[in-house]
Structures are given as structure tokens and as C-alpha cells.
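Peer 1: Each chain, letter by letter, is given below.
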Amino acid sequence: MILSFVFAFSAFAVKGQGPIPNITDNRLDFTVAGIKGDSIQLSSLKGKVFLLDFWASWCGPCRYSNKQLVKFYSKYKDKGFEILSVSLDDEKSAWKKAVAKDKITWMQGFDKGGWDSFAAMKWQVDALPSSFLINKNGDVVGINLEKDDLEKKIKELLELK
Amino acid sequence: MKKIIVVVVMTFVTIALQAQFSKATLQASGLTCSMCSKAVKVALEKIPFVQEVKVNIKSQEYTIIFKQNNNADFDALKKAVEDAGFSVASLKVTGNFSDVSVQKDKHLQLDGKNFHFINGNDKVLNGEQTLTIVDKDFLSAKDFKKYSAATKMECIKTGKAGNCCVKDGMHSEERIYHVII
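Residue numbers (numbering that gives the first Met the number 0), protein chains in the order written: chain A, 0 to 160; chain B, 0 to 180.
Mixed in with the good hints there might be a few duds.
Calculated cross-link-like contacts (lysine to aspartate or glutamate; reagent style EDC-like; alpha-carbon spacing at most 16 Å) [to be verified]: (1) A:Lys78 to A:Glu158; (2) B:Lys53 to A:Glu158; (3) B:Lys57 to A:Glu90.
The set of hints was computed from the structure by calculation and includes no laboratory data.
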């Protein structure tokens with residue numbers, strides 16, 4: 000009974016219409032290994048406008064999306080925009096190689112286990128790429144936004160004209 | 000006496016043609032990146048005779064471990080992949096064989112299923128062996144064409160006994176898996 004309640008709630012939390020999911024919620028928070036040997040806790044990013052992006056080096060559409068994100072990042076990082084990418088790669092070496100190749104300079108996390116990794120399960124990631132736009136309050140305000148919608152929303156959240 | 004010999008021979012045949020399938024490796028394809036979706040993995044995991052599904056990114060394959068003493072239904076694997084929005088690009092099934100003699104274009108009953116070997120004349124299969132299913136929609140259209148040209152028997156077009164195999168005592172609707180070794 001309790002389990003089914005928790006399950007139903009978490010299912011609603013990310014994709015349903017219940018209360019707006021927030022990154023400080025224990026059911027969504029996670030810590031992943033950073034690329035510089037550090038560790039990154041999701042909830043520590045509260046206060047920033049950022050995109051939580053799930054991807055993998057072997058995912059063609061993700062690599063394509065990286066190209067777009069590189070442009071957005073260089074355009075908006077000085078205005079306060081951040082990205083946290085979480086890789087579902089099997090091998091750290093493949094992940095690191097792809098990060099270097101795609102010239103990614105934003106926060107990069109690795110969570111082993113692929114589809115069954117802790118972070119992917121918590122955020123119910125069932126396809127790659129999957130992305131969540133988070134406002135300064137830590138609320139999820141956009142899911143899988145396409146290029147133009149994403150840029151529009153980033154500008155809105157950063158209060159840019 | 001004659002009757003007894005027949006019974007003994009039948010029993011011997013049944014025992015001799017033993018094979019138990021334990022796992023399969025499957026490749027899925029589709030219009031989008033099939034490995035980028037969790038859907039195929041989830042669909043395969045829901046099949047009752049499936050114990051575990053492992054995703055191998057490097058070979059772009061799913062390894063499907065069957066439950067013990069299962070009666071693995073290979074069509075169910077295909078259906079799951081198709082229901083998830085993808086198609087099967089390759090399906091290889093692995094089993095343990097003991098003294099199974101194979102002849103080209105002959106039908107064999109193994110593990111409760113009918114098999115038609117497209118190749119492998121006079122081979123005797125022992126130990127762990129892997130068969131590739133070459134029925135329609137279990138591989139690319141191009142490969143299917145190649146293999147279906149390798150036999151004159153009609154049943155490869157439909158995967159069913161049809162008219163060509165009723166002489167073996169099969170019902171025309173009976174499923175036959177066409178395989179290569």
C-alpha cells in the first residue's frame with residue numbers, strides 16, 4: 000500500500016499534473032560522479048537556471064543535441080545559465096571521449112547502470128535524450144523542450160529581453 | 000513385438016532430439032535510435048518466460064536470458080519488439096543440444112517447437128549451439144530474400160507448415176521456425 004502510494008506519487012511528480020516537482024525533493028535528488036573526479040549533487044544547484052540533460056555517447060540524437068547546447072551555453076552562461084548533463088554510458092572512457100569531442104565545458108556527471116542507474120530511475124528517463132529545465136526556485140518548468148522553445152524559456156527565466 | 004519396437008524407437012527419437020533453449024540475442028531497428036529508447040528492454044522484460052534482459056551497447060544487442068524449463072516462444076519476442084515500436088533486425092537463439100542431427104530442408108521438433116534448417120547438412124549438434132532465425136520480420140528484408148531463395152520449400156514465406164509439410168504429419172497452420180546454423 001505504502002509502496003504503491005510512493006510509486007504513484009513519484010510517477011506524478013515528474014511527468015504528471017500533481018504538485019510541481021522540485022530538485023530539493025528527496026525523491027528526485029541524486030549525486031553523480033563529476034568528470035574532474037568531483038561529485039555533483041543535484042539539489043546544490045538550487046538558485047540557478049539550468050538544464051538537466053540525460054544522454055549517452057552512443058546516442059546519436061544526443062550528440063546532435065549537444066551541438067545545439069554548446070551554442071546555447073556559450074550564449075547564456077555569462078547571464079547565469081547552467082547545464083548538468085548526466086551520462087548513462089557503460090564505460091567512463093567512452094563518456095570522457097565524447098565530452099572532449101563535443102567540446103562540452105559544462106557540468107558533466109556519470110551514473111553507472113544505464114537505464115537502471117539511480118538518477119535515470121528517479122527521473123523516469125525512458126528515452127535519450129531527455130531534458131528538464133529548472134528555474135531558480137528548483138522547480139521543473141519544462142520537459143524535452145525543442146530548440147526554439149528552449150531558448151525562449153531560458154531567456155524568460157533569466158529575465159532577458 | 001513390432002509395436003514394442005516402434006514404441007522403443009519413438010522414445011529413443013524423442014530423447015535423442017532434445018534441446019533446451021536458454022537465451023537469445025536480439026537486435027532491434029527502427030526509424031529512430033532503437034538503443035535510445037528503454038521501450039524494447041521494458042517490453043522484453045514483461046514476457047513471462049524471460050528472466051533477465053541485458054543491454055549491450057557495443058554490439059547494439061539485447062541479451063535475453065530465459066527462465067529455466069521455460070517454453071520459450073520466439074514469436075513473443077518479436078511481438079514485444081514490434082509493440083514497442085521497433086522491428087527485429089536479428090534474433091539468435093542459444094540452447095543446449097544432445098545428438099541432434101540436422102539435415103537441410105528437413106523439419107525437426109526441438110523443445111516443443113518445429114524447426115526447418117536451411118543449411119547444415121548432416122551435422123550433429125551437441126552442447127551449446129546458436130541458431131539464427133531467418134523467418135520474415137526476424138531480419139532485414141534483404142537478408143530474408145537471400146535466405147528464402149536458399150530453399151524451394153514454400154513454408155519459409157509464411158513460417159507455417161502450409162501444404163508443403165503436411166506429408167510430415169503437420170497441420171497446415173503449425174508454426175515452423177526457419178533457422179540457419
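Peer 1: Check each numbered hint against the structure and report the violated ones by number, ascending.
Peer 2: 2
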